[in-house]
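4 protein chains.
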Amino acid sequence: MNKLAPRLLAEFLGTLGLLAVVVGSGIMAERLAGGNVAVALLANALATGAALIALIAAFGGVSGAHFNPVVSAMQAWRGAITGKTAVAYGVAQVIGALAGVVLAHAMFELPLVQCSAHIRTGIGQWLSEIVATVGLLLVIHGTVRHRPDAVPYAVAGYVTAGYWFTASTCLANPAVTIARACTDTFSGIRPQDAPGFILAQIVGLVLALALMCLLQNSEENPVENPKEKHK
Amino acid sequence: MNKLAPRLLAEFLGTLGLLAVVVGSGIMAERLAGGNVAVALLANALATGAALIALIAAFGGVSGAHFNPVVSAMQAWRGAITGKTAVAYGVAQVIGALAGVVLAHAMFELPLVQCSAHIRTGIGQWLSEIVATVGLLLVIHGTVRHRPDAVPYAVAGYVTAGYWFTASTCLANPAVTIARACTDTFSGIRPQDAPGFILAQIVGLVLALALMCLLQNSEENPVENPKEKHK
Amino acid sequence: MNKLAPRLLAEFLGTLGLLAVVVGSGIMAERLAGGNVAVALLANALATGAALIALIAAFGGVSGAHFNPVVSAMQAWRGAITGKTAVAYGVAQVIGALAGVVLAHAMFELPLVQCSAHIRTGIGQWLSEIVATVGLLLVIHGTVRHRPDAVPYAVAGYVTAGYWFTASTCLANPAVTIARACTDTFSGIRPQDAPGFILAQIVGLVLALALMCLLQNSEENPVENPKEKHK
Amino acid sequence: MNKLAPRLLAEFLGTLGLLAVVVGSGIMAERLAGGNVAVALLANALATGAALIALIAAFGGVSGAHFNPVVSAMQAWRGAITGKTAVAYGVAQVIGALAGVVLAHAMFELPLVQCSAHIRTGIGQWLSEIVATVGLLLVIHGTVRHRPDAVPYAVAGYVTAGYWFTASTCLANPAVTIARACTDTFSGIRPQDAPGFILAQIVGLVLALALMCLLQNSEENPVENPKEKHK
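Residue numbers (my numbering), protein chains in the order written: chain W, 1 to 231; chain G, 1001 to 1231; chain L, 2001 to 2231; chain U, 3001 to 3231.
Looking at chain W on its own, in the form it has when it is part of the complex:
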């Protein structure tokens, strides 16, 4: 278990950093945008994507840079980590996420512990979270297998787009959902709405695993260098 410690520290620090950026940039963006929500969301999305490149590049070599319990669950399912490790990762991620929110509040001199009043519920929101999670997991799975050097950019690109193409702004992460319930700022979600999001994310995980099985059949039939290519 001792050898696991640096990996858990990396998951803690990375998820802390992710939430500090999501919440902190949301606070800054709302303060400066003068009521134009599109400009605020643009800043929030670009800051999150830019930070993800840095965080995945920095911590990927230590822990794999999951920062997300459904990603750790997928990696356990693939056999990349054990089930026990996935549970430990999940605990480190949730604690890190909460610490990141508190840190963002401290930097902006706001009350450290808050409770969001931002309503995010309904069919469109839940469907968005299912779609967001399926997409995130397929992007990670496909990129890790076929273009490992592109993982930081692919994940950052996906999450930046997710802020805009889903109605829920793409949380796609139970640790992030729990932590964002604890901030009454731009990126918050009401505590009573969090369980619906987390349930949708779990549904998304199951759907993504099913799709991966269907896509994986292609392994016997790699297309990158097909015979037909060399005309």
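FYI, nobody ran anything at the bench for these hints, they're computed from the structure.
Hints should not be assumed to be uniformly reliable.
As the list claims (entries may be wrong) - Here are the computed distance ranges between Cβ atoms for each label pair:
{"no.": "1", "chain 1": "G", "residue 1": "R1078", "chain 2": "U", "residue 2": "R3145", "range": "54 to 62 Å"}
{"no.": "2", "chain 1": "W", "residue 1": "L207", "chain 2": "G", "residue 2": "G1083", "range": "28 to 36 Å"}
{"no.": "3", "chain 1": "U", "residue 1": "G3035", "chain 2": "G", "residue 2": "A1005", "range": "54 to 62 Å"}
{"no.": "4", "chain 1": "L", "residue 1": "V2087", "chain 2": "G", "residue 2": "V1113", "range": "54 to 62 Å"}
{"no.": "5", "chain 1": "G", "residue 1": "R1145", "chain 2": "U", "residue 2": "R3031", "range": "26 to 34 Å"}
{"no.": "6", "chain 1": "L", "residue 1": "V2113", "chain 2": "U", "residue 2": "G3035", "range": "31 to 39 Å"}
{"no.": "7", "chain 1": "W", "residue 1": "L112", "chain 2": "G", "residue 2": "D1149", "range": "41 to 49 Å"}
{"no.": "8", "chain 1": "W", "residue 1": "L199", "chain 2": "G", "residue 2": "T1082", "range": "22 to 30 Å"}
{"no.": "9", "chain 1": "G", "residue 1": "K1003", "chain 2": "U", "residue 2": "R3031", "range": "42 to 50 Å"}
{"no.": "10", "chain 1": "L", "residue 1": "V2113", "chain 2": "U", "residue 2": "A3005", "range": "29 to 37 Å"}
Values in this document were obtained by computation on a predicted structure and should not be read as measured data.
Ideal Cβ positions, reconstructed from N, Cα and C, are used throughout, including at glycine.
Here the structure of chain W is known, so what remains is to put chains G, L and U in place on it, guided by the hints.
Structure of chains G, L and U alone, referenced to chain W:
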């Protein structure tokens, strides 16, 4: 044909994701931008480009990540895939594109099936689509040959720029054109204007293939490591 | 000279594409931005940077993707191309740049040939062009030597930043300067102001070559893997 | 000491370029943004991040592209450079940073030497600088070890995000802090507030080194290719 299934699934999922992002981010951007169309188009363009990095990185290893019938036609012409495969890819792309539009509507709780009233016609629009398609195909062809690791970023960069430098916002894709006729939101195109766009894209394909032949003569004369470089 | 043809075609097409993007995205941005010049310049800068990634990735393997007479001059000085080739490249670049401006006008249904009335003159502008050119050439020279895979991103990043950090919006390119004198839109420059810009760019070229000589001494003393690193 | 000269020149030029971009793009952004501070900060952040990709790619192979005394201190602690070299780097960085500010003022035809009146003090600001510095150093350290090709993008991404997620806009650099005290424009900081920032950055350095020791234990236990991965 069985081995083709995962590749068709990848084309279906990737084109679905592309359209969900194009249409979904257009809806979100228009809702939030408070009437500033430049801010809305900035969000739409950045979300599309960011998502393309993720989608090409994720699915390129399975199907080649064409997501576009004219790209599949070019790859068939090059001998990278057979003509039959190109036709199957095209069908998967159109179905995926339509599914992506429906999914975007569902996430934003809009009527699932719509018909665009957005006029996009005239000489400037058709010329723009010819230019957009020639450019896209030359970028893909050149990057695949000379900098394969850069393909996701080159295509994403081209499409992001295309939203701004063409008068038509760079559809450059018959599957995308058909699907965008089925949404009466920011990114729609009137059904009666779609054939003009698709015809222009086919003209662009032919011009691009001609230019590729002219450029290909350089293969006997590679410049990357010319003798004269080693002064 | 026959073998040179595809390379000249690549320089022609790449510079054409660059100018179509610079001028076209400027027109679109000004039309949509509702008078907020910062938003227009943001769109113009992002479109140009995004397109440069695509154009350099696509044409670098054929011609080296100079798209700029001062870059070709630097490459001739380095011995990467002959002086004759540099002159031919320069001609192809100027013709391509002019064709790109005409194409942008055609896509937006504007008069094809125009004359800019946009005043860009004075000490600050000329100093900006000197700085812009020195920086561009140092970035290309250093990146080609030490991180060749990063060339498209480094050049795109530099030019995107250049729109903002110089008072002249960083033309840094005589072919671009001549072509932008021929558009009376967002990105134009008065014909009578073009010579001052081109002179400043040539001064920048000379300064950059001098700095390269000073930096090149480091070759006997590479720092990337210094002995002292292995503590 | 002679062999050190090109490396010091690279640190001087790179830090000069960084400050010219930070200050110059801040001036341009404030002039054009029409009072919308969020749009101005977006331009400032994107220009800085884009330029960092170019500067690190261009000068990394010569000097390591530190551009920051706390980065040089960390590299000396790691044994990548000697303590003497770190001091010389620091001097070159401070002189380069000051020269960059003067150059930005000259390009925009402002008084060359200024004194900022921009108040940046208080607990939230100092905490922000500690967080910003810890994050920057962890990102550099982790990326250099595990994904060296990603260094320019990871650092650029981190700094772009830092403009938004910290209350202090992430200076995280004593040379930058000193230089920004010398401009009374968008990115300035009052001279009397600079010591607090620099002290916070030194605290961040110490905390970062402690965290690196804890993370480094993972070296005997690499996760990238764990045995458990091969299910």
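Against the structure, the hints:
1. Look at G:R1078 against U:R3145: about 40 Å separates their beta carbons, and that is not inside 54 to 62 Å.
2. The hinted window of 28 to 36 Å between W:L207 and G:G1083 holds, with their beta carbons roughly 33 Å apart.
3. Taking 54 to 62 Å as the suggested C-beta distance range, the pair U:G3035 and G:A1005 conforms, at roughly 57 Å.
4. About 59 Å separates the C-beta atoms of L:V2087 and G:V1113, a value consistent with the hinted range of 54 to 62 Å.
5. Taking the beta carbon of each, G:R1145 and U:R3031 are about 44 Å apart, not inside 26 to 34 Å as hinted.
6. Range check, L:V2113 to U:G3035: about 38 Å between beta-carbon atoms, so the 31 to 39 Å window is met.
7. The supplied range of 41 to 49 Å is met by W:L112 and G:D1149, whose beta-carbon atoms lie about 44 Å from each other.
8. Distance hint check for W:L199 and G:T1082: the Cβ-Cβ separation is about 44 Å, which falls outside the suggested range of 22 to 30 Å.
9. In this structure, G:K1003 and U:R3031 break the distance hint of 42 to 50 Å, their C-beta atoms being roughly 60 Å apart.
10. The hinted range of 29 to 37 Å is not satisfied by L:V2113 and U:A3005, whose Cβ atoms lie roughly 51 Å apart.
Comparing the model with each earlier hint shows violations of hints 1, 5, 8, 9, 10; every other hint is respected.
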